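Those sequence lines, one after another, are chains Z and H.
Quick note on the numbering used here: the first sequence kicks off at 1 and runs consecutively.
Quick note on the numbering used here: the second sequence kicks off at 1001 and runs consecutively.
Treat the hints as calculated values from the structure; they're not laboratory data.
One thing to keep in mind: the hints can contain errors.
Covered, in the sense of this in silico footprint (three residues per stretch, anywhere, with C-beta under 8 Å from a C-beta of chain H), are these stretches of chain Z [what the hints assert, rightly or not]:
#: 1; stretch: 49-63
#: 2; stretch: 74-84
#: 3; stretch: 87-97
#: 4; stretch: 101-107
#: 5; stretch: 242-254
Straight-line Cα separation of at most 27 Å, DSSO-like style, residue types lysine-lysine; simulated pairs [claimed, not checked]:
#: 6; chain 1: Z; residue 1: K288; chain 2: Z; residue 2: K131
#: 7; chain 1: Z; residue 1: K255; chain 2: Z; residue 2: K288
#: 8; chain 1: H; residue 1: K1255; chain 2: Z; residue 2: K255
#: 9; chain 1: Z; residue 1: K39; chain 2: Z; residue 2: K126
#: 10; chain 1: H; residue 1: K1288; chain 2: H; residue 2: K1221
#: 11; chain 1: H; residue 1: K1268; chain 2: Z; residue 2: K255
#: 12; chain 1: Z; residue 1: K126; chain 2: Z; residue 2: K184
#: 13; chain 1: Z; residue 1: K319; chain 2: H; residue 2: K1328
#: 14; chain 1: Z; residue 1: K126; chain 2: Z; residue 2: K185
#: 15; chain 1: Z; residue 1: K288; chain 2: Z; residue 2: K126
#: 16; chain 1: Z; residue 1: K268; chain 2: H; residue 2: K1255
#: 17; chain 1: H; residue 1: K1185; chain 2: H; residue 2: K1131
#: 18; chain 1: Z; residue 1: K126; chain 2: Z; residue 2: K218
#: 19; chain 1: Z; residue 1: K328; chain 2: H; residue 2: K1221
#: 20; chain 1: H; residue 1: K1221; chain 2: H; residue 2: K1131
#: 21; chain 1: H; residue 1: K1328; chain 2: Z; residue 2: K328
#: 22; chain 1: Z; residue 1: K328; chain 2: Z; residue 2: K126
#: 23; chain 1: Z; residue 1: K221; chain 2: Z; residue 2: K185
Values in this document were obtained by computation on a predicted structure and should not be read as measured data.
All C-beta atoms, glycine included, are put in the ideal place defined by N, C-alpha and C.
2 protein chains.
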Amino acid sequence: MSELELLFLSNDDVESLGISLTEVMDAIETGLIAHGQHKVIMPSKSHLVLDFPNKLFNVLKGYVEPVNAAGVKVIGDFHDNYQRNLPSEFALVTLYDPETGIPFAIVDGTLNTWMRTGAVTALGAKYLADKNSRVLGHIGARGTSWYNVRMLDQIFDFEEIRVTSRRPESRERFADVLSSELGKKIRVMDNTEDTVNDADIIIDASRLLEHQILVADKDVKPGAHLQAYGAVLSVERTLPFSVDKFVVDDWSQCKISPYGQFADLVQKGELRDEHVYADVGEIAAGQKSGRESDTERSLFWHKGFAVSDIMLGMLAVEKARERGIGTKLTYFSRPRDM
Amino acid sequence: MSELELLFLSNDDVESLGISLTEVMDAIETGLIAHGQHKVIMPSKSHLVLDFPNKLFNVLKGYVEPVNAAGVKVIGDFHDNYQRNLPSEFALVTLYDPETGIPFAIVDGTLNTWMRTGAVTALGAKYLADKNSRVLGHIGARGTSWYNVRMLDQIFDFEEIRVTSRRPESRERFADVLSSELGKKIRVMDNTEDTVNDADIIIDASRLLEHQILVADKDVKPGAHLQAYGAVLSVERTLPFSVDKFVVDDWSQCKISPYGQFADLVQKGELRDEHVYADVGEIAAGQKSGRESDTERSLFWHKGFAVSDIMLGMLAVEKARERGIGTKLTYFSRPRDM
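Chain Z on its own, in the form it takes in the complex (with noise of 0.2 Å):
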């Protein structure tokens, strides 16, 4: 065989391909449809624990069959990276041949992450959330939250949207950068819940290292649509189980990986088969209904998967390829069997 090669994309490369928001939806609901229709092959997540919950890696592995690839994504999560001006993720997802299980892509999942994230969210959003939602209420102002807010707004078109955080300069930057993006002013919030409260949809994106009740059971309104998908529990713990539907990303997942915000209620046996509705990608598919009421209330529950990054991975490496960007790699030059 002749020689083989790897395709590196580096931040840089993946930034400058210029994804647009839509591409990204587009490829993620594929992903979840594909999800859905049992297309997929994904074992749980699951982690390197150098220090919880300061210092992590979370390893991401699965294959989807409408791109024919299987990937693994290694992130990182370092909490006090912030310190040092840095994301407190970073993240590398490998690509390969599911025939010969030959690697052929090595891309930067950092920005994909983000991504990947906030179309989650949006989608999640679009499928269970009032089309005519009006008020969003964001906890969280960095990382993902950038694309949650940046997604969400594009399928809602929001009247208003607020932001909180715990540091008030990163939650005044970013209202700041979005403001002037979006169009719109950005409502910074010193408390979350001045944000949540009475909003039509609310995205908890927080990092929380220890339990804290962010949103309130009765700060969720008739007919809201919540998320929550941070490590650690930082909404009220009867949220699952007052919801009219709570749905999750992959409920199998949830069941078995340690970590995430409602691992604990999972863990304890108290959040069990019958308090979920669907894994979203059923939804996606139509295989089960999304929002069904004006009154109802919902609860998405993602702890991200490999699906997303295999999807957005592929993204990438295509538009890479149509545009010779990145850096190609010898991999073998002579590969045998010895």
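Assemble the complex: chain Z is given as a structure, and chain H must be docked to it using the hints.
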């Protein structure tokens, strides 16, 4: 923070480093000692199974204190690759800074996997086999087999080396190459019984797809040392119980990982804690005795673990940096917290 750089080492780069067998064995032994001293963090390997046992990926991850690096290896196990004259295993090792989670190197792990497995085989025999072992019986003539025989012969300088494998062309070529390299005739055998019967050291590096007995209990003579590490049971199932010392590389992983030589016995609850004499690292670190009598029979089951991959990955990176080998990639030109 300034630009982040990634060092990429291709298969050719790793080969060009000319790492010696002794360097490999030293690095692997340092890893085993660290494991014995609990100076590693290593969850069990996990798996992405496309079509068992023909098409699957193993994902190994860990942190090793003596080299202060975290690492993840993704390695395919694609049984039919030989039909394309390709190795069944291609491996990619990525290495990370344990303080920030930032990746700093991507190293082809294909050659390193063969070498690290050979080194664990050789070190296991060093601790557990008769120092005056004269006869090696080796099943398997591909992949890791090359380094098993090379490294074992470096330690024991055998009088007789017998090799067999499923396909005659593989074993003939294996014997031709190694006979001239080691300067001694290698006996090519056409069946496993004659290969292993009465040998001082028996290594079963077979890669069966279905259970078959290649090594019978009666073929392991008093005083002999046996190793078997295929993914499917290939030795008589009495052996873990009948030997005097049953040693593994990492019992906690052996108890969880669903695949491997004796995994079925573990899952059925037959092979339990009380049957295991030691993790090999406990012997390497001097916490438990290795061989203690001339008549003891020992069996070492190594599934392979991330500690070895990280040790050899770091050895390659250090040598490559010294000698200016490899491709320096810009990973992030302007990393910043968002």
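Which numbered conditions among the earlier hints are violated in the structure presented, ordered from lowest to highest? Those not satisfied are hints 5, 19, 22.
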